[in-house]
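In order, the protein sequence lines correspond to chains A and B. Start counting the first sequence at -13; every next residue gets the next number (our numbering). Start counting the second sequence at -13; every next residue gets the next number (our numbering).
Read the hints as simulated data drawn from the structure, not as lab findings. Among the hints, a few may not be true.
In this list, chains with the same sequence are indistinguishable; a pair is considered to hold if it fits within one copy or across any two.
[What the hints assert, rightly or not] Cross-link-like lysine-lysine pairs, in silico, DSSO-like; alpha carbons within 27 Å at most:
no.	residue 1	residue 2
1	K182	K13
2	K237	K6
3	K168	K224
4	K146	K46
5	K237	K(-9)
6	K182	K146
7	K168	K46
8	K13	K44
9	K224	K237
10	K237	K146
11	K165	K46
12	K182	K237
13	K142	K179
14	K237	K142
15	K179	K13
16	K179	K44
17	K13	K(-9)
18	K237	K46
19	K165	K182
20	K(-9)	K179
21	K179	K46
22	K165	K179
2 protein chains.
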Amino acid sequence: MTTDKRPLILITNDDGFRAKGINELIKALRDLGELVVMAPDGPRSGMSSAITSLVPIKYKTEWQEEGLTVYSCTGTPVDCVKLAINEVLDREPDLLVAGINHGGNMAICVNYSGTMGATAEGCIFDVPSMGVSLLDHRPDADFTECCRLGRELAEKVLQKGLPHGTYLNLNVPTDIPVKGVKICRQADGRWVKEFKRSEDAGGNPVFWLTGHFRNDDVHEDNDEKMLDEGYASLVPCKLDVTDYEFMQELKDWMA
Amino acid sequence: MTTDKRPLILITNDDGFRAKGINELIKALRDLGELVVMAPDGPRSGMSSAITSLVPIKYKTEWQEEGLTVYSCTGTPVDCVKLAINEVLDREPDLLVAGINHGGNMAICVNYSGTMGATAEGCIFDVPSMGVSLLDHRPDADFTECCRLGRELAEKVLQKGLPHGTYLNLNVPTDIPVKGVKICRQADGRWVKEFKRSEDAGGNPVFWLTGHFRNDDVHEDNDEKMLDEGYASLVPCKLDVTDYEFMQELKDWMA
């Protein structure tokens, strides 16, 4: 299955293996290498880096053709990556691509996104890893421009690799043509007014997650701003979340 | 409920409101302020920063006494924090404490942990936030030393606050007495041999998450090493995962 000499590319997402985004991505990357897809069997948006520990997970082959195998998995996006690399693939992937997500994963969304959780997980295994998201939630969104930019980036990552502990977050706006790709920082901001109150059948209050993003970032190069202006944003991200700057002050606290 | 002038302390966890760890924490922080607990109604370990968007969430009052209200919530640890701050509390908390987790959240576990997901979420709301974990998974673990250190840190955070975008990850070993608290970096390493293969009733393979941590870090001050040596580890963490060092090279790639 994964015995040819071409690059081995592991693909996953959080919208499930049936989503248009991942299937467009498969087509876009098809001739770059041997493709193995291990994706959730249904929607897993907002799963972040969640892992399944209380129940076991399973996977099955959905379809297979020359140079492409598609598996579905009962777990989270991170479970998919762990399972593929630990149990299914017979060699280390040369690249992991997560997406294409239906909806943006800029700013603090990198924290909640299952797509970006899977991307970080690839990076934990030292696989050069990138997430790709389109700022359009619709099931029938047009991924053409996003596929073009995702493929260009995948080729670069295959060629150059990535530093240990670094992964990439590419977001693409819906404005056509995209003005270009800007290297950005993760915008500082948060979601506000996050719940819509409703009622269950018994008249008890229930809360649906909703809200809108408030951008508090003052830097020109924050991803949310660049996307607003019609650019694709590319943020290099780190696994190591240590706040090195604050370590000394904290040492003084504890002295 | 939250109208007194004492500090308002929001408490959550990922083991559920019935766990010993959170109840010991409540006792340890009881006289530091007005306590509001919003915790999952059952175990949510390994939920990272997962959010619930496909179904609504609910909460209910479990018990209430002078200066303490305990709510349970059907959602994830991050849902608990979002719901409390958006819909339940009548003022911003002065401190969020997540834990005490049954089991360590050092090294890359910060990425998977629901306890640390909740802590990061408090930080997103600009609430000074800290997670506390004991390296003992047992339901009846002894939290005495961990409570002492958690309370000391909570008092410091209440007094000094934390920088915007920074939260704290305190892990406490089981060796008594703890040698002290070391300010650490997040250890670089990963989990290996992560699945145990088993079979379902029909003889199909299923995979249970397991594995052990491999520490690849060469620095003296990594949290895993310090815990091994009998110290409690305190890692300051950042919400912003941008890899600023790699931005220029990435710009050169795309030029």
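Which numbered hints fail
1, 2, 4, 5, 6, 7, 11, 12, 13, 15, 18, 19 and 22
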